[in-house]
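Let's have the full structure, built from the sequences with the hints guiding it.
Take a look at the letters that make up each chain.
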Amino acid sequence: MIAVSGNLLLMAFISYVLSSIAFVLAVTGKRWSDRSPEQHTNRWGWIGFSIAVIGFLFQTGFIITRWIAGGHFPTSNMFEFMAFLAYSIILAFIVIFLVYRITVIGAFVMPVGIIMLAYASVFPREIQPLIPALQSYWLKIHVTTAALGEGAFAVGFAAGLMYLVRTVDQEKSTASTKWLEATLCMVLMLIGFIGTTTWFSSMGYQATFQVPVGTVTTEVVYTMPAIAGPQDATLVTEGVMKPWFETPSWMQGLNAARKLNTLIWSVLSGLVLYAIIRLIARRRLAQLIRPMVRDIEPETIDEISYRAIAIGFPIFTLGALIFAMIWAAEAWGRFWGWDPKEVWALITWLFYAAYLHLRLSKGWLGEKSAWLAVIGFIVVMITLVFVNLVIVGLHSYA
Amino acid sequence: MNRSRTLMRFAILAVIFVGIAVALYNGFIKDKAVVQTGQPAPDFVLNTLQGEPLQLSDYRGKGVVLNFWGTWCQPCEAEMPDLENAYKKYQGQGVTVIGVNIRQPEVTVKPFVERYQLTFPIAMDRTNEITQLYEIGPIPTTYFIDKDGIVKKIVIGGPMSEETISENMKLIVPE
Amino acid sequence: MEDIKCQCGHANPVGTYICEACGNPIGEAVKDKDTVLDMRYEGAARRSQTYNKTIIDKIWNFFSSVKIAVYMIVIVLLASIIGTVFPQEMYIPVPKPANIYYSETYGTLGELYYLLGFHNMYTSWWYVSLLLMIGISLIVCSIDRIVPLYKALNKQRVRHNPNFLVRQKLTAQIEKPAQWNQTLDEIEEQLKKRRYSIKREGDALLAEKARFSRWGPYVNHVGLIVFLLGVLLRLVPGFYLDQYVWVRDGETKKVPDTHYYVKNDGFIIEYYADHEFPQDIGLGEGDKVVKTYKTHAVLYENLNHGLAGAEPKLEKVTEHEILVNHPLKYEDLQLFQAGQKPNALSALNMTLLNEKTGEEIGKFKIDLYNPLPEYPITADTKVQILEYFPDFEFTEDKKPITKSTNPDNPAFIVNTITPDNPGGEKSWIFLGSYLPAAGVDNLYGFKFSMPDLTNITGLMVRKDKSLPLIYFGCFVTMIGLIMGFYWQHRRIWIQTEGNIVYLAGHTNKNWFSLKNELKAVMDKVKVPVLLEEKGKGGKAS
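Order-wise, the sequence lines are chains A, B and C.
Quick note on numbering: this note's numbering labels position 21 of the first sequence as 1008, and the sequence is numbered without any gaps.
Quick note on numbering: this note's numbering labels position 80 of the second sequence as 99, and the sequence is numbered without any gaps.
Quick note on numbering: this note's numbering labels position 12 of the third sequence as 716, and the sequence is numbered without any gaps.
Calculated directly from the structure, the hints in this document are not laboratory data.
Treat each hint with caution, since some may be false.
[Said to hold, decoys possible] Just some of the chain C residues that point at chain A, by a computed CB distance under 7 Å:
1. V774
2. V778
3. L910
4. F1040
5. M1182
6. F1189
7. W1191
[Stated by the list, open to error] Where chain C lies over chain A, by a calculated footprint (3+ residues, C-beta under 8 Å):
8. 1104-1116
9. 1177-1189
10. 1295-1306
11. 1320-1332
12. 1339-1350
[Said to hold, decoys possible] Far from chain C, some chain B residues (derived; all Cβ distances over 12 Å):
13. I31
14. T56
15. G57
16. G80
17. P100
18. E103
19. K108
20. E125
21. K129
22. F139
23. T146
24. D165
25. K166
26. V170
27. V174
28. P193
Glycine included, each C-beta is placed from N, C-alpha and C at the ideal position.
Encoded structure:
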């Protein structure tokens, strides 16, 4: 059963990749096809959409089989959660596509889903038994609803990004172009993170350090070559790269050095990827993908971004705040405890609340609104990833 | 029209601000301690070290020094001889000392009492109930209670000097 | 303050930009003829903007401003972020005072963090004040907008000044087709099918749908106000209780600050058995994963709670298996599984023996929670307890003391009375070892057997009477959000002036679908229209 569920997830992943390719072909290939551009886009758009739906069904199968195999709904660790987030993004995309029937959205949203799923695979994939704190039906209710809301925010993000790629004037270098490049570069860093982690783990890379902690010595195992080594550590493994520098002392915790090292790898690989693309294309990244969005009306994509967020906001409120409070009251006897994860859920909520007020009452449409949609999802990602990995709290399940 | 509107606004804002002020006062400023100076000391009954019941209200008409202590607390230990001396000195003037031991078993308390030759009654709060009722934080904590059962003075922490003890005892000597 | 007169003769309050009577743009709105009309609050004057004289009005206007509200949200947001940079004081992982912890762990930045009070961010006076100000803003904003909006929506006219129609975002003008009256009837039918409610005034038509969604934001705000009210109520004494109690297996203990007693009828920790793991997760030798923390708890009410310390008269009221996520609930009292001390010492099992011969004289057991003054071993042999230090330690000047009342490291001074030594010989007894007290060799010694262990469960005690109100607030908020975000208020105006038919549509969101809907209706009745969303990029809403 576990093997079946693993295979289903792999098939879902492949489907998402194929679907993205179909969507990209749908918008880029229309000039070299025999058919009329519109027909071409429609045809490939539907192919892409169908594959996405098939992938979605595969992933549904994955969730069901894993649920049966593990005996609990698969949202109990980082791998399962990120996979579910990818699932939510795909679901939100399916809904938005059915409403607006705009093909090019797929070319942007599907890759976001793929990145999430690939990111999930970086974490340990074993089914773990539930610790007492997680033994509650609220686990599935709270986590899935929150993820569904965040999935909609992801679509808002992708549409916001499309709006910016479409409208930011690329004729000259401005603050907008720079920030847009920075945003795209961040996406590349995430890809770099996934790429390097997968690469080194497939090679079975390991470097063991002995780290003095107080009076005892503990071992820290790196699965990537150490750029930043632990403080005062001795490298035990032979024939591997020596650390370039030591992690500064103010970074606390046994794993701080390893986390910093991973971060450095992600940033570097992202920058390298970016540099390669710019060197080859000799254009800004946004300029490079701009032709894909040339034919859509900015107003429509602006509305899609807003719609996705408007759909997601109530779901997010329900899942990430209200259900969270009810569960916290059941499990810990207080509905709110200012745990870092709780605070970041509140921050996310406040951010989108500010977005909605600015848009609805202050008339922030178009570019401003698109930027907010992009930043909003970055806040979501900080909540989901950064808080779990860097700030420790009650939610640190990975 | 303008006037009534301003009045309306004033009324709404006033309700909001008063409500918030009341809540904040209750939550942060108001002293929520159960036992306060000028208030009656809550009555209780406990067994003494000798196993006889001791009820605080039986001491009405006398001044009572209520001292919460434990053998692990060094300031408590330090002030014990002075309390004993004060007890002896003021006994004739209608003031008594009651030591409330917090949670400790007889075998721990007895040697301690014998070592310091304490003669005032020791009430044994084995279940911690009275300590919780009085919301004791740091010990020693001492209450000076007058003949009507009203708390005249609370001393938190210690050890108290002889002067502190006798000065406060004067407050509760029945006339 | 003078009213603004419209061409139609109606006098509108200052701040109005769409005439209340005929819908003609007036005041500021007239200036730019090509822009789309701002339809917020239906062009009615928002009260706060109109009167700004007294200090009360100024305070009112401050709280009524969305701009200020957004600023406050952003400040709270930023403060919240800062609060997560380092752990808050309540989450400090080691038992150290805050003033030392932050500078020691995080250096200068940590010290600054502590000095600025960020270590208690969420209970700081200014953070709480900001939240309260947002609360006030929610109330004032809502009052300030609900009233004019209600009035405007309730007295909508069917017929408007053509200027009003032309300056809508979605608008079209067509030449009046033949048999228009009949077509208009058909349009009416079509719109009714789409669940529009229709108002007709001759050849003018107003179709409207889901007006209730306009109230969504305000319902949502009311919910948030109720929520904040619930949070404030917790500050009122008696509404909220937060306590903790440790109970040994078999022990009955008073629940602090209540007149209930709780008995621990057995606390169990269960671990996952090997066969319960769906797959190998790489656990090391001896690693275990906890499956359950379970306390079988019995709750008693003390009927004799008038006098503190008096012999309790207990009556059982309920019984419950407390698990994490499954607290015991009785009336408004809740007990949560919150902590555990498995295998804590409860009694020492010892044997008195003759040092020289090794002869065992007899066994005795010292209950660490309630040691007796003496333990008879045989008819003429007994062990007297002279002193007991449950949590033993030597002070710097070598004085024996106890650190607490928990028997974590028990030590005794005992006097062993035997026929050989009727005066007794003193010894120290520690956990697993003993020493002669006087420094001379004693005749008798002790052998230690496995001590009795007990499990201690930590129960969190809570009362939260404001919880129903808080949940109700959440519920109302959700209703408001759903009303506002999953429905849209849509309106379609159709009106004939001379030979021209004016079509116009307005919605507060989702123009895309309104446009499609209107297009579909017109296609159905076979009147081709070129609908345009004009003035894109202008203020929508």
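Against the structure, the hints:
no.: 1; hint: V774; result: holds (5 Å)
no.: 2; hint: V778; result: holds (6 Å)
no.: 3; hint: L910; result: violated (24 Å)
no.: 4; hint: F1040; result: holds (4 Å)
no.: 5; hint: M1182; result: holds (6 Å)
no.: 6; hint: F1189; result: holds (5 Å)
no.: 7; hint: W1191; result: violated (11 Å)
no.: 8; hint: 1104-1116; result: holds (count 5)
no.: 9; hint: 1177-1189; result: violated (count 0)
no.: 10; hint: 1295-1306; result: holds (count 6)
no.: 11; hint: 1320-1332; result: holds (count 8)
no.: 12; hint: 1339-1350; result: holds (count 8)
no.: 13; hint: I31; result: violated (7 Å)
no.: 14; hint: T56; result: holds (19 Å)
no.: 15; hint: G57; result: holds (19 Å)
no.: 16; hint: G80; result: holds (19 Å)
no.: 17; hint: P100; result: holds (16 Å)
no.: 18; hint: E103; result: holds (20 Å)
no.: 19; hint: K108; result: holds (28 Å)
no.: 20; hint: E125; result: violated (7 Å)
no.: 21; hint: K129; result: violated (7 Å)
no.: 22; hint: F139; result: holds (18 Å)
no.: 23; hint: T146; result: violated (6 Å)
no.: 24; hint: D165; result: holds (20 Å)
no.: 25; hint: K166; result: holds (20 Å)
no.: 26; hint: V170; result: holds (15 Å)
no.: 27; hint: V174; result: holds (21 Å)
no.: 28; hint: P193; result: holds (24 Å)
In the structure shown, a violation is registered for the earlier hints numbered 3, 7, 9, 13, 20, 21, 23, in ascending order.
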